[in-house]
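Protein chains: 2
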Amino acid sequence: MTEQVLPSWNQGPARQAILDHVRAATTPGAAFVEPADRIATFDNDGTLWVEQPLPPQFDFVFRAWGKEVKADPSLAERQPYKALVERDQGFFEGVATQEPEVVATLLEAFARSWAGTPPAEFDAQVREWTRTVRDPRFGVPYVELVYRPMLELFDLLRAHGFRVFVCSGGGRDFMRVFAEDTWGIPKENVIGTAAAYTWTGGRIVRSPEFLGGLDLGPGKPEHIFAHTGRLPAFAGGNADVDIEMLRSAAFALLVRHDDERREYAYTKGAEASLAAAEELGWTVLSMKSDWATLF
Amino acid sequence: MTEQVLPSWNQGPARQAILDHVRAATTPGAAFVEPADRIATFDNDGTLWVEQPLPPQFDFVFRAWGKEVKADPSLAERQPYKALVERDQGFFEGVATQEPEVVATLLEAFARSWAGTPPAEFDAQVREWTRTVRDPRFGVPYVELVYRPMLELFDLLRAHGFRVFVCSGGGRDFMRVFAEDTWGIPKENVIGTAAAYTWTGGRIVRSPEFLGGLDLGPGKPEHIFAHTGRLPAFAGGNADVDIEMLRSAAFALLVRHDDERREYAYTKGAEASLAAAEELGWTVLSMKSDWATLF
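Each protein sequence line maps, in turn, to chains A and B.
The numbering used here numbers the first residue of the first sequence as 1 and each following residue consecutively.
The numbering used here numbers the first residue of the second sequence as 1001 and each following residue consecutively.
No lab work stands behind these hints, which were simulated from the structure alone.
These numbers come from a predicted model, not from an experiment.
Virtual Cβ for every residue (Gly too), placed ideally from N, Cα, C.
Only true hints are included.
Partner residues are not named here, just some residues of chain B that face chain A (Cβ under 8 Å, in silico):
| hint | residue |
| --- | --- |
| 1 | 1036 |
| 2 | 1180 |
| 3 | 1194 |
| 4 | 1198 |
| 5 | 1202 |
| 6 | 1212 |
| 7 | 1228 |
Going by beta-carbon spacing under 8 Å, a handful of chain B positions derived as facing chain A:
| hint | residue |
| --- | --- |
| 8 | 1173 |
| 9 | 1176 |
| 10 | 1186 |
| 11 | 1196 |
| 12 | 1197 |
| 13 | 1199 |
| 14 | 1204 |
| 15 | 1222 |
| 16 | 1226 |
| 17 | 1227 |
| 18 | 1229 |
| 19 | 1230 |
From just these sequences and the hints, can you work out the full model?
What follows is the structure, encoded as structure tokens:
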């Protein structure tokens, strides 16, 4: 494996560690991974695309809730609509720390907005958003803010027999709308927080309930095992909510956001994962030093 | 597509309908199916392997419950252990008709037997069973009672870009143990009734709860949509509990068990699906006339 692979990565310890691991996993020896066991899982927000100032799905959701508040101003008196109207970002950051009250309030609001929606209608809403809405700082649709080096890593892994999955705390059905075009990952390889569906009157309709809880923290290996029957041979993440998934993997890659010029520099929400990486010998990639090209 | 494909199938309307549909689905025209949408789903019991006198998983389960009753004879006074001791097959047939009390009693007993069991231990139990236990009539391990014509159909579908999934009311994790060796289907393409799992103390442990309900009847398209983000382009089943899945599919294939000599002849539990096949124009395959070889 030479410079032809991972072309957007700079020569350096992160790229080398990945190449070494992939070679070891696919060559007879102590670190060999049976082809059947080659499951690779990646977080989305902050691992595959920009998650600052808030993960892009919030933009999609806020637009829907904004319309609901406009139609019924009394909603503005209660959460999460109140936080939206007051631009209280701290409230929404409570998702990452899995504050039960915040989570319950959000899931209830998601149900209010989309329960009963047929998948085709939800898909159309997401497609319209990916097509028309632009990230304010970068001026491009959010789906263009996917890190090219990660897509190259998917190619490398697939070329070595890994099946690549995305496993995100974000909405499974939201991600599935653009997974194939944007990541080259089939819908069935997208794992995430998800509503239940019912077969009613000869069609699939979204239920108010969410099945299997949030796909964050311990929920990540739980969702991965339920979906694939395995724990990952390779996992990539960037935040404290990825720790359990990274611990469950044979090889763990942690994205460090340290590139203020090209993206953002922050460790908030990643303090524990950076400490775990040091303690457990995970490979940490510096966006600034390890990636020649971001998008 | 000539006689080289589906070699264990006799020339006839079922084989022809399958070949015609696969050609139409992969050739530009009105019935073309986009490669991304080529999801094929198959029931297991009675569709991929012999389900008489009871689906083989019951044999596995009964052996475990038999040991439990031996260790604690008081269990024999309550269900489902009572039905096991009294050889009351009718009680267990209540699963297929989804009698709520029977289902609840069984799920509770499954939890009693396997909650807290790490996956590796459960796998070892199933592997031991597949290796050592033989079907009384045929004298071979149950995994050798898989219909060869169906495995050839999987090959045909995969050769035309379909991703093949098994979607069964049986235990997802039970099937995953032998899915790869027996069907050539990766674990992640097995959908079924399933316990939840928790990530506890750095490992995955089976919970007492079952997530998403039984994968029978309406549960089949619900589980398929949740797992894959699509409804099937091709589906195969054999019983009334497959009706909703078959209705949700672009092409539906129904197995008719009419071969008393080589297998079994019965319509019990399939009356409504046979009627639906006639009404909706599904392809019905006769085991006796359409399959040259069974196993």
